[in-house]
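Peer 1: Each chain, written out:
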Amino acid sequence: MTRAVIDIEDLEFGWAPDRPLLRIDRLAIASGERVFVHGSSGSGKSTLLSLLAGVVTPQRGSLRVLGTDLPTLAGAARDAFRGDHFGIIFQMFNLVPYLSVLDNVTLPCRFSRRRRDQVAARGNPEQEGRRLLEHLDLATEARSARAVTRLSVGQQQRVAAARALIGRPEIVLADEPTSALDADRREAFLRLLFRECEAEGATLLFVSHDRGLEGLFTRTLALGDLVRRQPAPVP
Amino acid sequence: MHHAAVLFFIAVIGLGTIGARAAASSAEEVQAIEWRNLVPPGYNPTELITKYRRDVADLKDDDPRALQLAEALRKAWEGAPVVESLANTMVKLSGFLVSLEGDGTAVSEFLLVPFFGACIHVPPPPSNQIVLVRTGTPFTRGRMFQRVSVTGRLRTEKASHQLASAAYVIEAARVEPHVP
Amino acid sequence: MPILALALRSVLNRRLTATLMVLSISLSVMLLLGVERLRTQARSAFANTISGTDLVVGARTGATALLLHAVFRIGYATNNVSWASYQDIARHPRVRWTIPLSLGDSYRGFAVLGTTPDYFRHYRYARDRGLQFAAGTVFDDVYDAVLGADVARELGHDRGDAIVVAHGAVDADSAQHDDKPFRVVGILRRTGTPVDRTVHVSLAGLEAIHLDWQSGMRVPDAAVSADAARQHDLTPTSITAFLVGLDSRTAVFHVQRFVTEYRKEPLVAILPGVVLHELWDAIGLAEQALLGVSALVALVGLGGMVTALLTGLGERRREMAVLRSVGARPRHILALIVGEATALAATGLGLGVALLYVGLFLARSFIQSWLGLAIEIGLPSLSEWLLLGAVLLASMVAGLWPAIRAYRYSLSDGMTVHV
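Line order of the protein sequences matches chains U, X and D. If you want my numbering, it's the position in the first sequence, counting the first as 1, plus 5. If you want my numbering, it's the position in the second sequence, counting the first as 1, plus 224. If you want my numbering, it's the position in the third sequence, counting the first as 1, plus 1016.
The following block holds chain U by itself, in its conformation from the complex:
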């Protein structure tokens, strides 16, 4: 059996102290899954990703990622854990404007020894970055020193994908990465992403409100189902 990369039990989190936004009884995600997470606006989709990535810690409950009890780690340790084991793609403005395409892709290797070591098995970060960019149809852009802000949104998202995948992180979190793309580009992007995740053996959590893409995933998580109805506040 494939082991659980993410294991959540009895989790409770809220941005305000006594107004919980997320309540999750039980959630287990196995290695290699491609999970589609949807929910209405404000239901806490991005918050869930923040929790999983260790950006925030829950008020209650346990959250184990790759066997590690994430909330027990100190802030800087969580940052390091995130860098080692996660690849993250945002909805837009993914790239650091003053770095080249290749430098953006190799960014995680600057901060994570584990990913640097993973890359070293295949070559150096630049070579690995170019390889990924080629797979994502950005071979020429990899060589160019043009400002990343000149790239189209679709190209920027694919650069972000390459960055998320370099160094074989176990989990890829994608927060509505296709929302800014044209409808006909979305599926193409997804197929590229799937292919690379499978090649690298990464688990993918994909947050989106576009249910049209749902069918391509192995599993669907509806946040509404996960979250219990909130009981009335005790007087």
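Please note that the accuracy of each hint is not assured.
Some chain D residues close to chain U (C-beta under 7 Å, calculated; not the full set) [what the hints assert, rightly or not]: (1) 1018; (2) 1025; (3) 1026; (4) 1029; (5) 1344; (6) 1431.
These are computed hints drawn from the structure, not numbers from a lab. Here a beta-carbon is modelled for each residue, glycine too, at the ideal position from N, C-alpha and C.
Place chains X and D on chain U using the hints.
Peer 2: Frame of chain U, contents of chains X and D only:
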């Protein structure tokens, strides 16, 4: 562990400095002297001035006797004797600084005088109450007539060929601002 | 260090604001160092002009005025010293040598000094250096002249040239002593003092050219030819001032008193070291104020940098979120911003020092042609290095403020930045 190492280091430096100082001073005793020590016993400049003032008060300015008296006083002062026993000893003396040579920020040569302001209204000190000081390293000076302490080897130098006068000199002196 | 590389790229990306910040810091550094340099150099240049002279004696006037005029050729003498008084004082038993000085005329903008050969024997500058000849020798004949190094160089004179001295400090066609030209017999080596910009002639020569002049004008009927002048008694009746060397420096107060009490003429004797010391003490307050202003300017420069970094943070929140998403820890974010501040400050310091040297070279040539004083331009001193280090440290500390803010932003923003 780290703290212990730092403390140890400081202790070594401190003890070393104290030891060096002790060694240096035991090599030769530095005698702290006062201005009156530079005047041989029996020579009393104040007495001379009083005598001069008293005698000259009765005379007119261009009376030749007044000029004679002035000459006599001048000779007595310029020919002020030195204390030979102090020659070649290490001394420490404090007084007021009158710049002679320097680079604008530090002095390399100056006169040490016993009182503040050798200006024209007060008779200048007799020559055995003035010390010529040449510094070892130039002394970064403060205001004119700054109070300083000078440490060094006192010498007597033959000054004039005509008069039997000598001057006190301290060479390679160490100069510090005077701490009361 | 990978973070510093990021910091550099980040700074280079915002070239316009970075340039402005660097310029502002560099100007303030240049001011800070420049004020301090010129201050110490000016003092040292003045102090190096005269050495080993116990007293300067002149007509009773302000001590500073006498020193500035007699030694630095700045200003005018209000009165003269009679030749008889000069000789009386020169005969004092404690006086070992004297150098009489007569000023007033000029040659094409350079001061003309009437003096005796003792000047070349006894005049000392810069810690006991004597005057040396680059060519030729001391004047012997009545109309011989010895040029300072700059006079010879700027006017292209050589030995044997004839020069015509002008009456008064300004060159006017009507006031030329053109009937009695002087002949250059010697040229001095550079000293870095007003000596370089002086034409030295004998007292007899000065007397000769003024024989037929009355109240600043040539009297046509009583004209005396150059040769005829030689037959006259050319002993001067008065001089501007004279330098005195004693047999012992400790006798200086006695002789000073003697001059002050001299009844036949109102005279004053000054100790050059003392007068310079008092001059700098008086100016010292202004110097401190100038230094204080420069320090404030430096603070303003740094403040501008901090402000620019702080206001730039708003548009960088996204960038911070991205960096944290790839595993950047707090120390990385801090190091990035502080690194940017340091890079900017370091560039500003470097540029400031470069501008300083450019400014010093310009100032040097200006001060030399105006006062004849040489400003030394050397490598930064220890205290200057410390000052530069302090500014760099201050910029790193100042950079901490926007750095901590940047990290706080990234914490609160989390994964979603509302751009």
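Peer 1: For each hint, tell me whether it holds in the structure or not.
Peer 2: Results of checking the hints against the structure:
The closest approach between the C-beta of residue 1018(D) and any C-beta of chain U is roughly 5 Å, which is under the 7 Å cut-off, so the hint is satisfied. With a cut of 7 Å, the hint placing residue 1025(D) at the interface with chain U holds, because the nearest CB-to-CB distance is about 5 Å. Here the hint on residue 1026(D) is kept, as its CB sits about 5 Å from the closest CB of chain U, short of 7 Å. Evaluation of the residue 1029(D) hint against chain U yields a held restraint, the C-beta minimum of about 3 Å falling below 7 Å.
Interface restraint check: residue 1344(D) against chain U, minimum CB-CB distance 5 Å, threshold 7 Å, status holds. Interface hint status for residue 1431(D): upheld, as the beta-carbon distance to the closest one in chain U is roughly 5 Å, under 7 Å.
Comparing the model with each numbered hint stated earlier shows that all of them hold.
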